[in-house]
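Following the hints, position chain F against chain X.
Going down the list, the protein sequences come from chains X and F.
If you count the first sequence from 1, you need to add 505 to reach the working numbering.
If you count the second sequence from 1, you need to add 93 to reach the working numbering.
Think of the hints as simulated: they come from the structure by calculation, not from any bench.
Note that CB positions come from ideal geometry on N, CA and C, so glycine has one too.
Be a bit skeptical, because a hint or two may be false.
Incomplete in silico selection of chain X near chain F, CB under 10 Å [claimed, not checked]:
(1) 522
(2) 623
(3) 837
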Amino acid sequence: MTTVIDVQGVSKNFKIHHERHQSLKERLLHPRSGTTEVFHALKGVNFSVSQGETVGIIGHNGSGKSTLLKCICGVLKPTTGEIRLRGSLAALLELGAGFQTELSGRDNVYLYGAMLGFSKKMVDGIFDEIVAFSEIEQFIDTQVKFYSSGMYVRLAFAVAVNVDPDILVVDEVLAVGDERFQAKCVERIRRFKEEGRTILLVTHNADQVRALCDRAVVLDTGDMIADGPTQESLRIFREHLLEDAVEHDSARLSETIHIDNVTSPTGSFEVRSGSALHLDVNIHSTSAYSGNFVMELFTRGGLLISRSDTQGSPVNLLPGHNVVGIDLAQLPLLDGLYDLNVGIVDHHGHTVIAWSEQAATIQVIYDGREGGIVELGASISQS
Amino acid sequence: MSDAPSQGQPHRSLDDAAVRVVSARATLPTRLKNLGARRELLLGLISSDIRIKYKNSALGIFWSMLSPAFTLAVYYMVFSFFLKNGIPNFVIYLFSGLVVWNLFQNSINAATGVIVDRAALVKKVSFPREILALSNVGAATVYFFVQLAILIIFVAVLRHAPAWHFMLILPISFLSLYLFTSALAVIMSAVNVYLRDTKHLMEVLLQLWFWLTPIVYSYENSIAPHLRRHGLSLVYFLNPVTLIVVTFQRVFYVSTVVHSTVKGGVVLNILPTWSFSKFLYLNLLLLGLSVVFFLAAEAIFGRLEGNFESEL
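Isolated chain X (complex conformation) (with noise of 0.2 Å):
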């Protein structure tokens, strides 16, 4: 496959000024105030991506991520390295910000579209269909300035997703006016997605991560610490943040807590759909400890099935080994792969002690008819 974005080395410094004189009076008064202090925001960052990939960048705040993600759309240039791009982009970021308020929502239409890049024809073609995407047909005239914001953005996202771009960057911007916009722009994506564009999609949602992508790029305060399929990366990210945490942990937990294993007592992680399932946790302690236990049961495709809630269910470990038992009385999975995530988290849910990614893959076996995830058993009946 064709490399469409090829990040190659990567660097970005902020300069950041404690003292800002900008006035020329004030610089020459103070030639030499304030002190400039340089901030790496990336640090040598390396990675492609292929035509047809959906790759997530994840990372938490401060990470580097949006950073990288306005290198590649041309916003910030690197101080370092360099960006190869095939294709036009259209970047989801800061929607609307080249809307002139002044003018209407036509001529932002045609100012935006050139703005992307995409010539007036282009625009011609397709401004009957970014209008009806934007749900705003009887405003289009109208002053942009009198817009509610919530129009604002769907009118630019409309924009941004109608101009056929062949690389498409989603910053985070998919909490876009009401849940029915919502969803519209989720299926707009996937669609995207079918069509076999290039999507880069920044977050620090791992569930939208795991539902969308198929390979994730994990960055830890401007460095890359992982790029691979997007489970293998997810457990990264899972467990560096956990490494994270040590910082915030006075106590020392997490060195103490280890989560070893999910051992099933039959040996077997195959279970029949309705049937009981007994898991053991191996948990080993250094010291004695009471927090909280989560789980989170996801499809191999990324789906969430379940996450017990973050404040878990209550548990007592002693130094030592520890088991923790994971019952489900009848599991009314279908057909398929299911992965588990485990850990401790203190009691108010805040700081993560231990985690394990992917501790466990269960196998379901199902034989009756019914097609999804769940089994609802439901009985049709005619009056």
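Frame of chain X, contents of chain F only:
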């Protein structure tokens, strides 16, 4: 969707698509190529600039003619009735110079602050940033052509025959004006990001600059003899706007030597008595210098733009 593939169909192959490179320092040819590729955006920004400026005003675009007309009227009255300079047909002399000056001044005044004013856009959307400054020059150029049309009507109505054979130099002169103005606008817009005083400083400097340019007075009739005596004629023409203004005056006002309307018909030297070839030569020289200046401005802008995000 007219040219997008329908659902499920594979998207077009990008094997042959051009590669764009985002890196710290784009070379000058790359910068110019990127700039050229975004003509549509430049035109879009120019038209939105013009529309926004006169939006919600009752007279709309007419203001672009009315306000220079008032300036013209004020200078005309001052120098024809109160401080009589004795230049016959002074309104045409004045108008030919003002047309040029308005383009220059409006461009620089608008462009100097444009990157700071539109920081939100600069920090969020990717496009060659100097297009913002160039769009201000573009809008001023549109007003320039409107005013030029009025000047031509003026000349026709007053049955004042222009110097037809000098017309050939006019496009060269205009091109120099456009490039020089663009270059200065691009540089100032970037400098203003680092030193916010630039905007205010330029406003003051432009006033001084106006009086250093022979628009409301005649160069030949004022300081030229003094400079010539010391062999410093060149100094005055270090101001590139002067040559352009003088060329426009030569074309539309025509006469180089006139009889004063006051002081009982004293002979006045109004414009340089250069031949056509000297005008052509000087204008071509200025055009060459303006091209170099514009390229330099692009290079300087490229240097300065790298740190915009830390300053905006």
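If you test the structure against every hint from before, which numbers come out violated? 3
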